[in-house]
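These protein sequence lines map, in sequence, to chains A and B. Residue 1 is where the first sequence starts when you use the working numbering, and the numbers rise one by one after that. Residue 1 is where the second sequence starts when you use the working numbering, and the numbers rise one by one after that.
If you are wondering where the hints come from, they were derived from the structure by calculation, not from laboratory data. Don't be surprised by glycine CBs; every beta carbon is placed ideally from N, CA and C. Warning: the hint list may mix true and false statements.
The list that follows gives simulated cross-link-like pairs (lysine-lysine, DSSO-like), each with its CA atoms no further than 30 Å apart [as the list claims (entries may be wrong)]:
no.	chain 1	residue 1	chain 2	residue 2
1	B	Lys83	A	Lys152
2	B	Lys125	B	Lys83
3	A	Lys368	A	Lys152
4	A	Lys152	A	Lys119
5	A	Lys368	A	Lys256
6	A	Lys119	A	Lys192
7	B	Lys83	A	Lys368
8	A	Lys256	B	Lys94
9	A	Lys306	A	Lys152
Label-pair ranges, simulated between beta-carbon atoms [said to hold, decoys possible]:
no.	chain 1	residue 1	chain 2	residue 2	range
10	A	Val366	B	Thr111	22 to 32 Å
11	A	Thr370	B	Trp97	52 to 62 Å
12	A	Leu358	B	Ile204	51 to 61 Å
13	B	Leu350	A	Thr381	48 to 58 Å
14	A	Thr370	B	Ser275	36 to 46 Å
15	A	Thr381	B	Ala54	16 to 26 Å
16	B	Tyr122	A	Arg375	16 to 26 Å
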Amino acid sequence: MLAAAALLLLLLAAGPGRARRDALREELLLSPLPAGEVAATFQFRTRWDADLQRGAVSHYRLFPKALGRLVAALGVRELHLALTQGFWRTQAWGQPPLQAPAGAELWVWFQPTVTNVDKAWKELSNVLSGIFCASLNFIDSTNTVTPTASFKPLGLANGTDHHLLRYAVLPREVVCTENLTPWKKLLPCGSKAGLAVLLKAERLFHSSYHSQAVHIRPVCRDASCLAVSWELRQTLTVVFDTFSSGQGKKDWSLFKMFSRTLTDTCPLASQSKVYVDISPKNKEKELLEVTPTPASVHEAIVQGDKRTYAVYDLLSPSLFNTSRSLNVQLKWKRPQDSCYIHYQPAQDRRRPHLLEMLIQLPANSVTKITIQFERALLKWTEYPPDPNHGFYVSSSVLSALVPSISAMKNMDVEQSPLFTSLFPSSDGSSYFVRLYTEPLLVNLPTPDFSMPYNVICLTCTVVAVCYGSFYNLLTRTFHVEEPSRGGLAKRLANVIRKFRGVPPL
Amino acid sequence: MGLLSDPHCRRALSRLVLRLNTPLCVLSYVAGLGWFLALAFQPLAPRTYMSENAMGSTMVEEQFVFGERALSYAREFAGHKKKAGGMPVAWLEKTMWNLGLEVHKQPFSRTLPFPDETRERYMVKGTNVYGILRAPRAASTEALVLSVPCSEGPHNNQAVGLMLALASYFRGQIYWAKDIIFLVNEHDLLGMEAWLEAYHDVNITEVRSSGTLGRAGAIQAAIALELSSDVVTSFDVAVEGLNGQLPNLDLLNLFHAFCQKNGLLCTIQGKLQRSDWDSLPAYAHSLQTLLLMVLAQASGRPRGDHGLFLRYRIEAITLRGINSFRQYKYDMTTVGKTLEGMFRKLNNLLERLHQSYFFYLLPSLSRFVSIGVYMPAFGFLILVLILKISFWAEREGSVGRGEGGQGPSPPLPLPESRPGLLALVPPLLICHAAGLALYFLPVLGQRVATQHFPVSESEAVVLTVIAIYVAGMALPHNTHRVLAGGGGGSDRGWMTLKLLALLALALQLGCLALLNFSLGFLLAATMVPAAAAAAPTGPKPVLAALLVLATPAVTLLLAIFLQRELLEAPASAGEGWQLFLAALAEGLLQHHLYGSFLCPFLALGAYPCWLLFWNVLFWK
Chain A
1 MLAAAALLLL
11 LLAAGPGRAR
21 RDALREELLL
31 SPLPAGEVAA
41 TFQFRTRWDA
51 DLQRGAVSHY
61 RLFPKALGRL
71 VAALGVRELH
81 LALTQGFWRT
91 QAWGQPPLQA
101 PAGAELWVWF
111 QPTVTNVDKA
121 WKELSNVLSG
131 IFCASLNFID
141 STNTVTPTAS
151 FKPLGLANGT
161 DHHLLRYAVL
171 PREVVCTENL
181 TPWKKLLPCG
191 SKAGLAVLLK
201 AERLFHSSYH
211 SQAVHIRPVC
221 RDASCLAVSW
231 ELRQTLTVVF
241 DTFSSGQGKK
251 DWSLFKMFSR
261 TLTDTCPLAS
271 QSKVYVDISP
281 KNKEKELLEV
291 TPTPASVHEA
301 IVQGDKRTYA
311 VYDLLSPSLF
321 NTSRSLNVQL
331 KWKRPQDSCY
341 IHYQPAQDRR
351 RPHLLEMLIQ
361 LPANSVTKIT
371 IQFERALLKW
381 TEYPPDPNHG
391 FYVSSSVLSA
401 LVPSISAMKN
411 MDVEQSPLFT
421 SLFPSSDGSS
431 YFVRLYTEPL
441 LVNLPTPDFS
451 MPYNVICLTC
461 TVVAVCYGSF
471 YNLLTRTFHV
481 EEPSRGGLAK
491 RLANVIRKFR
501 GVPPL
Chain B
1 MGLLSDPHCR
11 RALSRLVLRL
21 NTPLCVLSYV
31 AGLGWFLALA
41 FQPLAPRTYM
51 SENAMGSTMV
61 EEQFVFGERA
71 LSYAREFAGH
81 KKKAGGMPVA
91 WLEKTMWNLG
101 LEVHKQPFSR
111 TLPFPDETRE
121 RYMVKGTNVY
131 GILRAPRAAS
141 TEALVLSVPC
151 SEGPHNNQAV
161 GLMLALASYF
171 RGQIYWAKDI
181 IFLVNEHDLL
191 GMEAWLEAYH
201 DVNITEVRSS
211 GTLGRAGAIQ
221 AAIALELSSD
231 VVTSFDVAVE
241 GLNGQLPNLD
251 LLNLFHAFCQ
261 KNGLLCTIQG
271 KLQRSDWDSL
281 PAYAHSLQTL
291 LLMVLAQASG
301 RPRGDHGLFL
311 RYRIEAITLR
321 GINSFRQYKY
331 DMTTVGKTLE
341 GMFRKLNNLL
351 ERLHQSYFFY
361 LLPSLSRFVS
371 IGVYMPAFGF
381 LILVLILKIS
391 FWAEREGSVG
401 RGEGGQGPSP
411 PLPLPESRPG
421 LLALVPPLLI
431 CHAAGLALYF
441 LPVLGQRVAT
451 QHFPVSESEA
461 VVLTVIAIYV
471 AGMALPHNTH
481 RVLAGGGGGS
491 DRGWMTLKLL
501 ALLALALQLG
511 CLALLNFSLG
521 FLLAATMVPA
531 AAAAAPTGPK
541 PVLAALLVLA
551 TPAVTLLLAI
561 FLQRELLEAP
571 ASAGEGWQLF
581 LAALAEGLLQ
591 HHLYGSFLCP
601 FLALGAYPCW
611 LLFWNVLFWK
């Protein structure tokens, strides 16, 4: 014990001398959507140059201890949890920076050292349920699948043995303040300083779309990739409907959206930036006016499109010099062949269906995948309290590598904005997209629960009394039995009468 | 049951049924009709009440004040409609988009099986336009629909205006938990059918439509609005849908509740309810309303654009604004408030509407007769058939026992004991062939008919129907004489045939009454006495007249006269005949366009069955 303590002290003493081992980068991306809404995406990245798995870590600085210990204890290699309320309207809003299905989504890659993956998965979902105050404990074998083709690891990985992967969606999960608060507590500055000041629950839940996520993955420590670092990304996307709140105007400002302005920076952050998408829309040459004038302009290729961003660096002293707060404002002056199918049929009450297809989509075409199903009666104890609401079929997932129109430069990953770098891209010629469909509400045949007693009584009576008696009546024949049967004398007489040719008695 | 398993009691009971058969039948029939007439009596019909908790306890406070805006939208729409000569698709799309809705359009086309002369259309092309108001923070799993037909001429402009005004008001509200679809459908029910089929991605009829559709999840409820004047005096609500399906009673209660809250007058079947309920005129009034509903439901025709929603288990009603000569008029703001209140209550729904009744009859808007109360009326009528069946079965049974040699054999004239089922096959085949011909030939043969006779296609179809119908009665019905070697036809032969016909009729009516009580009851009330009386032994002209009166076609004719009488617009004989011809064409079109089952049921079920009785009558 003494030796260990001494070692720890030594390490601590050596810490400030070397390069800082953990870092927080935060950024906010504001993008006006084609239909007039504004999407705000927060990303907070905590990177830690330590190996959590070895178990030698006991001092946590920026990385939240709750999650770090979870990763170490349960052998998690990668964890992705998203809690979403609402639905990203891809048609009207364009492609999202990060998409998630409605409800709760959790997918986890475990370390190859984990022997009982199902047990670890169960335990993990229960712990996460406690951390995030969400009903993740309802994840069980009936809604867990192991996809084989989709959901490859996003971080550093040696092999992709899909038996170590678990994926579950809870489409009915409702996301609210109680889920946001623990999420905010994971941030090093809480919601006291930096970009997190804007995270005011009252405004965030007064929006058309709200999605918060936690991604944990191992990444390369440097370009040579000899050591592993752990990365925790906390993202939050909200879409504000400026139309209904702004009386039909499309103008917005930070204060209008969040009812807060940025006042100071988080002292723990090594980077803190606000990006505003000011790329000219190709159709109508709308003129955007952003105040205050941005310090610099960043050009990046995001999802195959060349975008222009106005960048505000909160850490540069000039920004807060003129005024004590930053309030960014924007004004508007004016069929196919599938080569891979994996299908795992469901087992009643044990596991769900899983259908994975690899499809090459031809250009300018519509691909329709339909699945026939039969509506069946459940056991009467299996109905939820609101059976007539319907049963959810969770969103289906489409993951695609889309060829990029303009080739991407191979930039330094560390320097590029965070919103471009969660999904790995092999080269600049294509980018990765993951889309989710809306969940489906299906009505199953539902017995009338309002009068179960009457129904049961009536049915039993009908079956027992009427059916039984009728069956009896139909299958039996009834004869009137002769009250007295003749004795020996009568039989003899009958034999004699038979010989004589006279009808018997 | 012990009564039946004891052979002595059983025999006594069967003897009683045999002896008192006719009086029992008459009694049962009279009881059935009497029960039905008593349904309109107020103490039998309880007051309606809201069963759904999500809609009941909280009253919403309506804040819609944009009646003037609705009228200006309506004027603008009317102008563009006149300019476009139909649906102003581009203008609607632009307007809805400006309101902040997600707009889609759906072109469709449909060629009718034969020209529809009442609505003057044959090859129909149209476009539905709809805008979806996306509920914030909901994942588009549930939706509500407000639909307005874009009719020809100056009709329904105000409804479109009000819908747009409501859409712009709803867009600014944040409390929506379900997406709201604002639909303007062209060519009334045809457009609605096309839209519903495309929305649910099915193709039941031959509507061709294109365009990938914007979806908004499972539709929970729909309201169709028809409004053709700037002010209204009352609202008429139509509930009967395709095949006599009815929406959940709670939807009607919801409308009634908001009408009362806003002081709107509302009617059903065009009848206001009377405040006095214990007087004889009041009883006659509610009986009138009830009969109108029964007739409307029996026709199987959707009484508004809502009628097709019901097939997809979407609760829906049609609201029709009426502008009559009453003194009190209500402006658009009041109407808008009523609709706003209804939508906000529907928005509160946690589950589908399921708490209240799905099967009911309405003697007035605030009273209802539930299925448990009206079913016995039908049960009594069917009991007549069952008594008759048991009568024949008992007689057959006693004949069988008589031949066994036990007991005194009844004096039945039975020269040959087994006529063989062979004699029954030709009449059965002929009757059903006539039914098949009635179903298929009119539409298939319209081209041939128009080539050879100077009639239009739809006239050809209707006249072919009548010709085949009448010809079915004159078909050779006496084939058994040839087959049985000219024995003059045995009693046993016609008895077995009648037994079969009675069984078929009882089965058909029983099933029908579960699907569409009104149709089942009307057919039972007319066909049962004639069917029970049909026999070759009685006074033939009287029985024949009775049977002809009971045929479904005559029932239809009589129902048309009755309906006009109840609407206080009696039809003359000629007018009635024209209406009858129109109803025949309409019925065929309803079947081919929307899949109404009245036409196939009559052609393939009731008509052959009736022919069997006709056969029985002319057995000898």
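Cross-check of the supplied hints:
Annotation: proposed proximity of Lys83 (chain B) to Lys152 (chain A) is violated, straight-line Cα distance about 57 Å (limit 30 Å). Of the supplied pair hints, the one linking Lys125 (chain B) and Lys83 (chain B) holds, its CA atoms being roughly 18 Å apart against a limit of 30 Å. A C-alpha spacing of about 25 Å is found between Lys368 (chain A) and Lys152 (chain A), which places the hinted pair at or below 30 Å, so the restraint holds. Distance check on the hinted pair: Lys152 (chain A) and Lys119 (chain A) sit about 21 Å apart at the alpha-carbon level, within 30 Å; holds.
Proximity of Lys368 (chain A) to Lys256 (chain A) is assessed by CA-CA distance (about 41 Å); at most 30 Å being required, the pair is judged violated. For a cut-off of 30 Å, the pair hint linking Lys119 (chain A) to Lys192 (chain A) is broken: about 38 Å separates their Cα positions. Among the hinted pairs, Lys83 (chain B) with Lys368 (chain A) is inconsistent with the structure: their alpha-carbon atoms are about 38 Å apart, more than 30 Å. Restraint check for Lys256 (chain A) and Lys94 (chain B): satisfied, since their Cα atoms lie roughly 28 Å apart, inside the 30 Å limit.
Simply put, Lys306 (chain A) and Lys152 (chain A) have alpha-carbon atoms about 27 Å apart, close enough for the 30 Å limit, and the pair holds. At roughly 25 Å, the beta carbons of Val366 (chain A) and Thr111 (chain B) sit within the given window of 22 to 32 Å. Distance hint check: the CB atoms of Thr370 (chain A) and Trp97 (chain B) are about 30 Å apart, inconsistent with the given range 52 to 62 Å. The beta-carbon spacing between Leu358 (chain A) and Ile204 (chain B), approximately 34 Å, falls outside the hinted interval of 51 to 61 Å.
Evaluation of the 48 to 58 Å hint for Leu350 (chain B) and Thr381 (chain A) yields a failure: the beta carbon distance comes to about 21 Å. The hinted range of 36 to 46 Å is not satisfied by Thr370 (chain A) and Ser275 (chain B), whose Cβ atoms lie roughly 55 Å apart. Between Thr381 (chain A) and Ala54 (chain B) the beta carbons are some 24 Å apart, a value that agrees with the proposed interval 16 to 26 Å. For Tyr122 (chain B) and Arg375 (chain A), the Cβ-Cβ distance of about 39 Å falls outside the hinted range of 16 to 26 Å, so the restraint is violated.
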